[in-house]
Structures are given as structure tokens and as C-alpha cells.
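Participant: Take a look at the letters that make up each chain.
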Amino acid sequence: MAKTIMVVDDSATMRLSLKSALELSGFKVECAGDGVLALNQLKFGVKPDLIITDINMPNMGGLEFIKTLRTLPGFRFTPVLALTTESHQEKRDEAKKHGATGWLVKPVTGPDLVKIIKQVLPGA
Amino acid sequence: MKIDLNLPGKILDSTESLARNLAVMVCVVAAISACAYFLSPWLHLLSLSKGLEAVLAASLTSFATYALAAAAHRKRFSNVSYNTCEIHERCSAQHLSIRDNYHQTVSDLSQYNAVLCNQLREAIGQTETAVLGVVGRMVNIHQQSSFQVNQIGTSSEKSGELIAITREQVRKNQQVIQALNAFSDSQSEQLRGNLDRIQRLSDEMEQMRPLVDDIADIADRTNLLALNAAIEAARAGEAGRGFAVVSDAVRNLSNQSNKAAHEIADRITRVAKHAAAETENAKRSIACNEDSQKFTSLADNLSNIEGRFKTAALHLEEIIKGIDEANGVIVEEVSVVLGEIQFQDVVRQRLEHVNNGLDYQSEFALKTLHWLEGKGESPEKQLSEHLDELKEKYVMHEQLTAHNAVLGVSAPAAGGSNLKIELF
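Heads up: the protein sequence lines correspond to chains A and B, in order. All residue numbers for the first sequence refer to the working numbering, where the first residue is -3 and numbers rise by one. All residue numbers for the second sequence refer to the working numbering, where the first residue is 66 and numbers rise by one.
Since the hints were derived computationally from the structure, they do not count as laboratory data. Here the structure is a predicted model, which means the values were calculated and not measured. Incorrect hints may appear among the rest.
Think about it this way: if two alpha-carbon atoms lie no more than 27 Å apart in a straight line, the pair counts; the simulated DSS-like pairs of lysine-lysine are [stated by the list, open to error]:
no., chain 1, residue 1, chain 2, residue 2
1, B, K223, A, K92
2, B, K456, A, K111
3, B, K458, A, K87
4, B, K485, A, K63
5, A, K43, A, K111
6, B, K456, A, K92
7, A, K93, B, K485
8, A, K93, B, K456
9, B, K386, A, K93
10, B, K386, A, K114
11, B, K386, A, K111
12, B, K386, A, K102
13, A, K43, A, K102
14, A, K24, B, K440
Using the sequences provided together with the hints, build the complete structure.
Facilitator: Below, the structure written as C-alpha cells:
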């Protein structure tokens, strides 16, 4: 059965390009425009096997989203990859502290992304 | 901090006042010097000491010099005063012109920036729309490619099934043909056996024919013997009566033997005819069975058909493999392009920073304008301070590098991990 990946990004371009690239590789993809919308989807039963989130977003940024996600039952160990333009080391450290699984700086090509996903998501 | 716009005027006013004071001072000094000059002979008559006389003379000379200089300065100052007034007037006019111009510039700057910001926003929106279109088309290309591959794959599966069925059918047919061939061979063998047996029987029957002739000959001779015996018995009279009965019996026996011999000969002839006919039939059957070797050629034909199917299937498989590989390349390329399209988001973020800077510049210009019109305070921060704030808000190394390049600052070494992809 295809694994589900949630993409959280305020950029429509990012959402569509990631969705398309991941679907090409056989994943099922759910999208959200920011942290708040993503949490709502999770509360309404979406159960992704992996989450890819941007860091700088309106309403709720990626760091806060990861922090909140880790408090939700059933999402403590869900792999979360931060995909961002952000290059400040403090933000990277903070993401790690909140429980992010990895840090990817945009742009990342589809094959590289799939390689990383297969690394953190066994059986994908 | 407030700028006094009337400062040039005030400077001119104070300069004029100073000039007037100097003119008065020069007049006083000139009068004293003139008195000293005209009184010097009288001083000489007062018989003052030579030293004092020299000091007075030097003093008077100095006063005179100063008086002349003062007169010259007065003239010059009056000219300066005149020029200053002229400059003052000119400066006032220029000041007004500059103020109006600056007012207009600051007022325009806000609008100018607003236009640039809007252009940038429009451009961002336009690139986003275009990129979304590109993504859609890339996905469409991939879907078309996948559809083709699926179609070919389905055809391949069907061809494969057909080939498998044909191969199975050919295999079964070959088995049937082998069975038929085996059956045919055994039939031929049996027929040959039968033929041999019939032939042997016929030969043996033919070998019996001389025996029959011998029996017939013996019968004839016995009959002749019996006839002689009967003659001799008749000649013997009463004494030969018993012998005549025996000779009659022997003659009957010889007649029966002769009859039996002829019957046997007839039957042997008939059996020999039947045997010859059966032999001919067996020969024909063997010939027919030998003709059945064409089953083998039929099997060979079927094998050839199977071989051609196999070749076609392999060719088709190669084509499908090639198309599948090409599709794999397309998927890979599309996937890479979809990743590279993320540049739009990177550019969008950089342009949004520029927009924020321009927005602040507009705000700064408006505040400055209000302050110049006396309607508010001067902006809290200078543009240079905001530039530093802008720098603090950068998220990408590239932004920092571009910023530092303009300001001629060397970029600090990036601390911590600078990996583009890092797993914690």
C-alpha cells in the first residue's frame, strides 16, 4: 500500500511541485498551507507516514508546528523533514530540538527527496 | 533633531551687522590715526626721549596702517555685505526651490516605490502562475508517458499470454504428433510382423503342396494296387474272396485319400490366395504408415511457428524494455525539473524581502515629508539602521552575500552545519 506524505508549505508552487514529484514516485500526498491547517487535517484523521514542512510560514511556522505535532498522540515518532530556504544554524538546531528528523535546504530535486524519504521511512 | 531652514538668512543678517560694526570701528581708528599723524611734529617738539619718540612714531604708523587697512576692509566689508545680501536673497530663493523639489521628490518617492512594489508583486504572481502551469504540463507529460507505457505493457501482457498459449498448444500438438508417430511406428511394426507371419504361413502352405501330390500319388498307386489285388483275388476264386473284400476296402481308401488330397490341394490353393491378398494389404498398410512420417514435418512446422513467435515476443519485449527505460528517464527528468521549480519559491522570498525594504522606504519618505511639513516627528530610524534590520531578517546565505557585496563587507564564516541535506 502506498505511503502517505503530508506537505506543509505556504507556497502553492512548492505544494504542487512536491505533490507531483512524490506522486510520480508512488506516494499518496496530502497538502496544507501552514501549520494551523496541517494540524486541523491531522485532527480530522489524516494519518501521514511522513511530514515535509516549510519553516517560515504565516499563521504557524514550521518550528511551532513540529513542536505542537510532537504533543499529539500518534505523531511522536512520525518522521518530519524541514524543507526550507532558511540557513540560520539556530533555526536548524531548534528544529532538531523540537524533534525534526532532517533539514533540507530548497531547492531539493525529486530524486534526492525520494532518496531521503526512503532513508527515513523504511518500506517506502 | 530639527533643521533650521532659516539658518542661511540668519547667517547673512549677522554678517551684515558685523560689517556695520566694523565700519564704525574703522572710522574711529581712522580718526585717531589722522590725529596722531598730524600731531607727530608737535610730539617731536615736546623733546621726548628718542626711544619714546620711536615707539610713538611706530604706534602712529601702525595706527595709520591699521586705519588704511580698516578703510580698505570697510570698503571690502561693505562689498561683502552687499554680496551677502545678494547671496541671501539668492539662497532664500534656492532654498525654497530645493525645499519644493525635495518635498515633491519625497512625495513622489512613496508613489514610485508603491509602483515598484506592485510590479514586483505582480511579477511574483505571474511567475507563480507560470510555474504552476509548467508543473501541470510536466505532470501531464508524465501521465501521457505512463499511459503509453501501460498500453504497451498491456499489449505486451496480451502478447505474452498469446505466446504462452501458442507455446502450450504447440507443445501439446507435438506430444500428440509424437504419440501418433509412436502409434504409427508400432502399427507399422505390427503390420510388418503380420506380413512376415502371413508370408511364412503362405510359404509353409506352399511347402505342403508337394506332400499333397505325394498323397495323391500314393492314393493312385494304392488304387492300382487294390485293383491288381482284386484281379488276383478273382483269379484265385473262392480262396481269394476275402482278399477281394480287402482289396475293395483298400481301393475305397485310396479313392478317399485321393479325394482328400485334392481337397487339401484346393484348400491350400485358396489359403495361399488369401495369404497373398493379406500380404498385399499388409504391404499397402506399411506403405501408408510410412507416409504418416509427414506428421513429423507437421511437428517441425509447429516448432517453426513457435520459434517465430518466440523471436517476435523477444523483439516486443526489447521494444517494451526500451520504452520503459525511456519512460524511466522521463520520470527522472520530470522529477528533477519539479524539484528545480522550487527556485520560484526561493526567488519569491527574496523578492518579498526587497518589497519589504521598498515598503519601509516609502514609509520613511512619507514620515520625512510630514516632518518637513511640520506635521510630525522625524523618522525614528535612519535608512542605514533599517538596512541593518533588513540584514537580520535574511534567511538565505545568498541574501547575506549579496547584501555584503554591495556594502563591501566580507561575509562571516557560516557556523555549524552548512549541509544542504542533513539528517539528525
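Participant: Work down the list of hints and note, for each, if the structure agrees.
Facilitator: Structure-based check of all given hints:
no. : hint            : in the structure
1   : B:K223 / A:K92  : violated, 53 Å
2   : B:K456 / A:K111 : violated, 34 Å
3   : B:K458 / A:K87  : holds, 13 Å
4   : B:K485 / A:K63  : holds, 22 Å
5   : A:K43 / A:K111  : holds, 22 Å
6   : B:K456 / A:K92  : holds, 25 Å
7   : A:K93 / B:K485  : holds, 19 Å
8   : A:K93 / B:K456  : holds, 26 Å
9   : B:K386 / A:K93  : violated, 48 Å
10  : B:K386 / A:K114 : holds, 25 Å
11  : B:K386 / A:K111 : holds, 24 Å
12  : B:K386 / A:K102 : violated, 34 Å
13  : A:K43 / A:K102  : holds, 25 Å
14  : A:K24 / B:K440  : violated, 60 Å
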